[in-house]
Amino acid sequence: MPMNVIDRDSLIGMVAGPLVWTAHFLVAYILVAVGCAFGFGTSGPGEWGAVRTAVIIASGIALAIIAVLILLAWRRWTQSGGSETPQNERQARHRFMAVGSLLLCFLSGVAVVYVTVPLFFLAACQ
Amino acid sequence: MTFTSTRQLEEAARHDAGLWQLREIWAPPKGLRRFKEINNTVIGELYVLTAIFFLLVGGLLAMLIRAQLALPENDLLSADWYNQIFTMHGTTMMFLFAVPIMEAVAIYVLPQMLGARDLPFPRISAYGYWAYLLGGLMALGSLLFKIAPAGGWFMYVPLTGPEYSPGYGPDFWLLGIGFIEVSAVAASIELIIGILKFRPPGMSLDRMPIFAWYMLVFGFMIMFGFPPLVLGDILLEVERAFHWPFYDAGKGGDPLLWQHLFWLFGHPEVYIIFLPGAAMLSTIIPTFARAPLAGYVWIVLAAVGTGFLSFGLWVHHMYTTGIPMMSLSFFSAASLAVAIPSGIQVFAWIATIWSGPGVLLKVPMLYALGAIFIFVAGGLTGVMVALVPVDFQVHDTYFVVAHFHYVLFGGAVMPVLAALHYWMPLATGKLMSETLGRLSFALIFVGFNVAFFPMHITGLRGMPRRVYTYPADLGWDWLNLVSSVGAYMVAAGMAVFLWDWLYWHRKHGRDAGYNPWNAGTLEWHTVTPSSAFSLRSVPIVSSTYPLWDEPGLADRIDRGEFYLADSPDMRRKTLRTGTVMGEPREVILLPHPSWTPLVAAVGTASFFGLAIFKLWWLCAAAALVVIAAGVVWMWDTEPLPEPNRYDIGRGETCPMHVNGTETHGFWGMALLVLFDLAAFVSLIFSLLFLWTVNRDLSPPVPEGGLGWASAAAGLVLVSSLAFRLASFGNRRGLFIALVVGLILALLAMIAGAGAMLQSLLVTGLLPTQSAFAAVYWMFVAWTGFHMAISTIFVLYMLARAAAGKVTPDRRQSLMNVELFWHYTTGVAVASLVIVHLWPRVI
Ligand code: HEM
Ligand SMILES: [Cu+2]
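In order, the protein sequences belong to chains A and B. End of the first sequence sits at 126 in our numbering; the numbers just go up one at a time, nothing left out. End of the second sequence sits at 1842 in our numbering; the numbers just go up one at a time, nothing left out.
These are calculated hints, taken from the structure and not from any lab test. Even for Gly, the Cβ is constructed at its ideal location relative to N, Cα and C. A portion of the hints provided could be inaccurate.
Claimed, not checked - If you only want the chain B side, here are some residues facing chain A, beta carbon under 7 Å, derived:
(1) Val1297
(2) Phe1308
(3) Thr1320
(4) Gly1322
(5) Met1325
(6) Arg1650
(7) Phe1685
(8) Leu1697
(9) Pro1700
(10) Val1701
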C-alpha cells in the first residue's frame, strides 16, 4: 500500500490494521484446510510440522506489518499535537484518524495473537 | 427565532417564497398516487410500519410455539406444523424484521441527521421497500397453505434438498429470501453513499453523528455478508430445480458447503442486526444522560472492529462438524476477540451516563438501559458457548435458544423500541405516552426474563431445541410453563406498545414541538413533525452535537441562511460533499415521484414467485417488465442544465452535473460490483472447499475445451478494448468512434459467450453428473448472466447515444456501464482460467 494512502486522512488507511488481520485469518484458514487435506499437518501437540510452521510464520509477518502500522499511526498522532487540545479543524481531524487507526491496529494485533497462541498447544489436523 | 409550533411555520411559509417552493415540490402526491412517492420520509415510514408488521407475525408464531411447549405431551400443533412454525418464526424475525427495521429507521432518520434532503438514490430505496414487502408476503404466504419450509431458519441440507423436501417449502424460502436480499443490498448501497457523500459542509468524519458511523459499517457488512448466502441460495435452488449436485455427497458434493456459506453470512448477520441497535443506543443515551458520548473514537473503533472481526466467526456454529482442531481454534479466538469491542461499547455507555449531570429516565432511556442489561447477559453466555468444550455440551439445546434470544432482544428488539419511542415525534409531531411506555417496558422486560432465563436451565437439563413436544417428568415441565407465561407477558407488553404507537399518541399525545428531548443532533433542529425536505437550508456544522454546541444554528437553518434555501426551478435537490471533510462538490437533482420503482418491484416479485412454480415463460415476461421499467427509470438521468452552475446561496455556486469517479452514480455501480465480486469469490470458495474435502475424487479435466476457452478469453478481452475505444472516442467528441466501439464490444462479447459455452459443451461434462462438473457449469452460467446484463446495458447505451444523450460532457452513464463491462470481462477470464487451467495444473 502506498504510504500516502496510510498517511492521508483516508478511510482505507484507518482500517489498514483490520485488513491485515483479515488477510492473516484467511491465510491461516486456507493453510490449515489445504495443508490438512494433503496430509502435511500430521504433527501432534508440541511437534512442529509444515502446517503449524507456516501459520506461525504468517502470524509473525502479520504482527510485523501491524507493528509498522502502529508506528506510522503513532507518528501521525504526535504530529497532530498528541494529547494537547487540537488547535483547529484540520488538527482535530488528523488526530481522530490517527487515534482511530492506532486503536484498530491494537485490536487487530490482539486478535492475531489470539489466533496464534493455540497453535502452540493443539494437534494440527484432528 | 426557531419555530416552536407548526402554526408559526405555516405563517412563515406564506411570506417566504423559498420555503413555499420547497414545500410545494416536496409535498407527496395525494390519494392513490401517494404510492408513487419515493421520498425517504414516506418510504421510511412505510418501511418501519411493514417491519413492525412482520415482527408481529413472527411474534404470533412465537406465541404458538410457547403454547405448544407450555405443557408436556401437548398436541396443539402436529410435528410437521410445528416445524413449519418455528422455521418461519426464525426466518421472519431474522430476515423480515431484524435487518429491515434497521434499514427502515436509517432510511427515515439519516438524511435528517446528516442535513440532506434525501438519500442518493430515492427510487432505489423505494424499489427496495416494495421488493421487501412483496418478497416478505410471498415467503409468509406459504404458511397459509401449510406448505411453508420446515427445515429451520438455517435450512440445512440434505434436509432441505430435493430428496427430503420435495414440496415447495424450501423454494418459498430460497426465492422469497433471495429476493429480499436484493432489497437489503439496495438499502446498504444507499446508506453507504449517503453517509460518505451527503453530509453537510463542515461535518468531517470526526464529527459525524455516531449513528452514521455504525450504519456505515452496517452497510459494508451487508456488502460482504450477504453474498455468500445469495450464492448458497442459488446453488441450492439450482440443485432443487435442475439436480445439479452441489450438496449431494453421493456425487462429490458436500452438505457442509451449505453450512459454510450460510454461516459466512449468518454470523456477520448477528452483528448486522446488533450494530444498528448499538447505534440507536449510542444516540439515545447521550441525550438522556445530557452529556456527549464518552470516547467517540473508541466507539468508532468498536463499530469498525466488530465489523471486521465478525467475519472470522462463522465456523463457531460448526464446532461439532469435524473440522480440524486447529481451524476451530482460529474461530474460537476470533469469537473471544470480538468480545473486546463489544465490551468497550458497554463501558462507553456507562461512562456517558456517569459523566452527565444525572439521567432522565424517560421511556426511550428505560428501553435503552433494559437493552444493555439483556445484551450483556446474552454476551456472557455467548462467551461461554464460544468455548469449544462448552459448545460440545450445550450445542442445539435450549441453552442456545436462551443465549441468542438474549442477544437479539437486547441487541435489536429493545433498541428498536427505544428508537421508535425516541424518534416518533419526527413523524407525528406527538410524544408517545410516558405511562403506557412504562407499562409496556415493564411487561416486556420482566416478561422477557421470565420467558428466557429458565431456558438456560432447561437447556442444561438437556432439552434439545426444535422438538415439538417432550415427555413429562424429565424436569422440564415447570420450566417450560414459566417460559410460556413470560412469553405471554411480552406479548401483552407489545400490545400496549402498539396501541400507543398506532393510535393513542397520534390522537391524544402531547405536542412535541421543538426538540422535545433536548437532543444534540441535527434531526431535531426544527419543529416536529419534520418536513419531507428535512431542512430549510443545508447548514455548515462545526461539532458532533450541533444543537448543543452551536447556539442559534437551528434558528439560522430555519431562516434559510445556509445552502439550497429555495428552489426557483421547482426541482428537488440536495448537496453532495467531499468524503473526508464534507465541502460542497455538486448539486444533485433528485428524482420526483414515479411509478417505475413499484412496477419494477412487482415485476421482480412476479419473477421470483413464478420461478417457485417453474413457470419459466412467464418468468421471462416478468423479466421483460423489469427491464422496461428500468429503461424508463434511467432514461432521464444525467440532465445537463445550461449553464452548469447553480447558485447554492451564500454567494457560492456548484456544478449540477459532474462526471467522474467521485460521483454518487459511479460509487453506486462500484459498490454493486463489489457485492457481486464477493458472491463470485464465494463461488471460488465453494470449488476449493469441495476440492479439499473430497481428496479421493480429483476435479475432472475438461478435455478438449482449451481451444474454445482461449478463443473466449481473447474475445472478451477484445470487447473490453473496444469499449475503451468507445469511451475514449466519446471524450474526444467522436460520435462514430463511440457507436462503432460499442457495437464492436457487443459483438465480441456475444461471440465470447458462445465460445465459452462451447468450451464446456465439447468436453461432454454434464452438470448433473458430479458436483465438480456442476460447479464448472455454474462458473459458465454465472458469467453468461453477467454477459447478458452487460449486453442489455450496451444496447441501452446505444439508444442513449442515438438520442444524443451521450456526449463528452455527459459521459457518466457510459462510465458506469464501462465499469460493469470490464468487471464482466474479468469474471469471464477468471472463470475460464478456473475451469480450464486449474484442473490441469493441480
Ligand atoms: C417473546 C418473543 C419470542 C419468543 C417467546 C420466542 C420463542 C422462541 C422459541 C421457543 C424458539 C425455539 C423453537 C424450537 O427450537 O423449537 C425460538 C426460535 C428462534 N427465535 Fe424466537 N422468540 C421470540 C422472539 C424472537 C426474536 C425477536 C427473534 C429475532 C430477532 C427471534 C429469533 C429466533 C430464531 C432465529 C429462532 C431459531 C429458529 C430455528 O431453530 O430455526 N425470536 N424462538
Ligand atoms: Cu455466530
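*asked:* So, against the hints stated earlier in the document, which numbers end up violated here?
replied: Result: hints 3, 4, 6, 7, 8, 9, 10 break, sorted rising.
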